[in-house]
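Put chain B on the given structure of chain A with help from the hints.
There are 2 protein chains.
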Amino acid sequence: MSLKEQSVATDPTEPTSLPLEEVLRHADANMNESLDRLFQLLRIPSVSCDPLYASQCQEAASWLANELTGIGFDACVRQTTGHPVVVGHQGQTSGPHILFYGHYDVQPVEPLDEWAADPFDPKLRAQPDGETHIVSRGASDDKGQLLTFIEACRAWKAVTGHLPLGVSMFFEGEEESGSPSMEQFLDEAGQELRADVMLLCDTYLWNDAVPAVTVMFRGLLEEEIEVTCANRDLHSGAYGNAARNPIQVLAELIASLRGESGEVAIEGFYEDVREPDEKLRSELKKLNFDADNFLKNVGLSKSAGDQAYSVLEQVWTRPSCEINGIAGGYYGDGLKTIIPSKAVAKISFRLVAGQDPGKIQSKFHEHIRARMPADCAVKFTGLGGSKASVIPSKSEYLRRARAALKDEWNCESVLIGSGGSIPIVSVMQSRFGLDSLPIGFARSDNRHHSPNEKYDVSSFHKGIRSWIRVLAELSHCESNRRKV
Amino acid sequence: MSLKEQSVATDPTEPTSLPLEEVLRHADANMNESLDRLFQLLRIPSVSCDPLYASQCQEAASWLANELTGIGFDACVRQTTGHPVVVGHQGQTSGPHILFYGHYDVQPVEPLDEWAADPFDPKLRAQPDGETHIVSRGASDDKGQLLTFIEACRAWKAVTGHLPLGVSMFFEGEEESGSPSMEQFLDEAGQELRADVMLLCDTYLWNDAVPAVTVMFRGLLEEEIEVTCANRDLHSGAYGNAARNPIQVLAELIASLRGESGEVAIEGFYEDVREPDEKLRSELKKLNFDADNFLKNVGLSKSAGDQAYSVLEQVWTRPSCEINGIAGGYYGDGLKTIIPSKAVAKISFRLVAGQDPGKIQSKFHEHIRARMPADCAVKFTGLGGSKASVIPSKSEYLRRARAALKDEWNCESVLIGSGGSIPIVSVMQSRFGLDSLPIGFARSDNRHHSPNEKYDVSSFHKGIRSWIRVLAELSHCESNRRKV
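In the order they appear, the protein sequences are chains A and B. For the record, in the first sequence the residue sitting at position 318 is 728 according to my numbering, with numbers rising by one throughout. For the record, in the second sequence the residue sitting at position 332 is 742 according to my numbering, with numbers rising by one throughout.
Looking at chain A on its own, in the form it has when it is part of the complex (with noise of 0.2 Å):
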């Protein structure tokens, strides 16, 4: 008799004997399958922010629709103005009913000769420490961690046949650019997504041993700024000194963005910030967050930020301003004598809670228009925003997800913040008042956006334990919003 008949004796209708310990030995014995899954959807190289892999977008949508239609999922891939999206409806006659979110898009992988091997080629390796990674562009971010739901929900639906409660998925293609289509998208189709909470796992755990749920997130400016100055590259011979230097005057400009300090130096800039609530700085404070080993892993030793305050306050809840990239002029090997025509530099501002991604960006126009001189030119280009968000830190769904979270790891979990952005979770808490839950299985060394990005089979493993616990618990919620 298969696990799937044998399941079929179970009644969805008394929660309480859920064969939750059943569930979780089957996605242990079905990890090498699991794992074989994530690799199918890491070799596709999904790179959100590059037109030229449109197509393998595409791919990994389809990739993702066809599995949930395999357990069960009424799925599909939908297009956007973007890149597509996928939807997924398991519902249940009563009861909670789930959103659970993720993006299948992955950061380009430049510097290509940084990564050790093919980074959409993954591979298993075996660390001294016992752990063994998982090395793939994607591996954690977001792959990785959003198929630790999906091969959860397996795992339910392989040994009951039914999940435990109410589960829709939403896999979005354009996570890590900004999500230009998602207002549309959601303008049109958002009302089906409509659930009692939405769970995601693009996020952390606190350390290896302890579990977090992430309560606060920053938002996100991202502009590009080109300087024009000449109408054609000079002879730096024949115009050196005369003929103004677009990379000199861009050097001069994001100079001025920072202080003394390494405060901001955008007028006006912090004049909208929240700070905190004393409650959650209260949590914070009892992190007894290490900076100077957050510093140290990656080779730094004092933060650049504002020094009035701490490191886990400059990267939480203050908002930065960072040149993600730079170029100009002739940068191969050798040099080449010009005076460029132009410069161009890539700028993104993380916003914390009560900042306006459009109000900042007039400010940063601004800041940059007084200072610019003559014959210069000045082009901006919009790239996207979205707000900081804070997640209710009391809600039902809350406390049951830690209280499943703590059966699995034999902890409390904690409360964090995030320096990074998750746009969805702002944008469905002022559309449809939808708070998240999220709770990821990443690790702070696991490389996000860098080279030789990787997962620890033993945060896939957990990550699915995790889940399969979570489906438990939050089944016995109180069902407040209306359902799919």
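If you're looking for bench data, these hints aren't it; they were derived computationally from the structure. Incorrect hints may have been included.
One copy or two, it doesn't matter: identical chains are merged, so the pair holds either way.
Stated by the list, open to error - Within a straight-line C-alpha distance of at most 30 Å, the following computed DSS-like cross-link-like pairs (lysine-lysine) qualify:
id: 1; residue 1: K689; residue 2: K769
id: 2; residue 1: K773; residue 2: K712
id: 3; residue 1: K804; residue 2: K689
id: 4; residue 1: K706; residue 2: K696
Quick caveat, the model's predicted, so the values are computed rather than measured.
Quick look at chain B alone, frame taken from chain A:
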């Protein structure tokens, strides 16, 4: 009877009987063949700064050696530690012996998409003003210009069977890369390049109607600077504010290189600068340089350099510091939310008389090191350097060359400076006491080092005719140096 047979009748011991007009007519009649040869050379993509083009540099050298042999030179390709040089000799039993210098290497062609056509597929393009442009990388700098001299020699040989004076040719392939192999080659083989004077053609007309002898070149110091902060690229959400950003650091360093008035802000940068003498200053003043038009031609209206000096002084007699290229982080399509590990810039200094490249390099390194914040490493890579040079404004060779130019152009030539650097001029001056006569036929709109570089057919034609006359005139000079 062929032209060559006919020419045997001329007596080389009687310079006054040289059939100058006949040689000029021969050059006129053979312009299409001269252009064909130029196009052959232009089709060889001899980009010296990029190792990918090493074999093409070799090919250009072989082509030149072959052409020289074809017109009676004892010529061959000589290997160096870098790209090869070409040396050829054709002596006379008495009278002066001159050395002609040129370079067969060219600048890279990036950005390729700004070229109207393949930069290595030269084409003639008729212009509304009646001129015809030769459009190609190297059309003017320096392939077109150096061929004016070879074609002048060819015409003399074709008509008279010999040259009016002893001539050596010396073509290098690393002028656009700072001539890294030059010193070693001159150590080994420099003696055979001794001559009474060195001619070169890598310079400009004063305007379309007025030829010039360039008597002042700036020197050059080329540096690459790499700033490294964290030991890998970081997620700008997770680390934004806290982690030192090497692009921000590099921008602040670059901003520190120029002061409020556009002066170079490195301490002691100007301390060894030798101002031009009174005679040269008055010659320069007489030029009535149209600074507004100079800037307007490239889309600018106001000079960016030290405002205490005129535009002509800024580009000829004052040293500069230019950022030639910069790169860091992600600069492809879209945005990648990283704080990169490193950023790099290519920086060059144009030096004037009195300044020592080694001393300026030390001051630059000190300036940068004194400004490095915590957790940042800086790596300097020297890419070459040369001193500025000033050519004596009184000599029989200069006087006679100007007389020849007057005959061809029907006006007095002028003495000018160049903001650019031709390292060989200072090297030959300091090594062998060999002065130069830099006479070029390029126009200011030739787009040296830029997309759509061009050379006017009229420059090519009058260049050949000018050299034919200069060779005749210089044959009357006293020889006061050891011959080859």
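Structure versus earlier hints, numbers of those that do not hold, lowest first: Structure breaks no hint.
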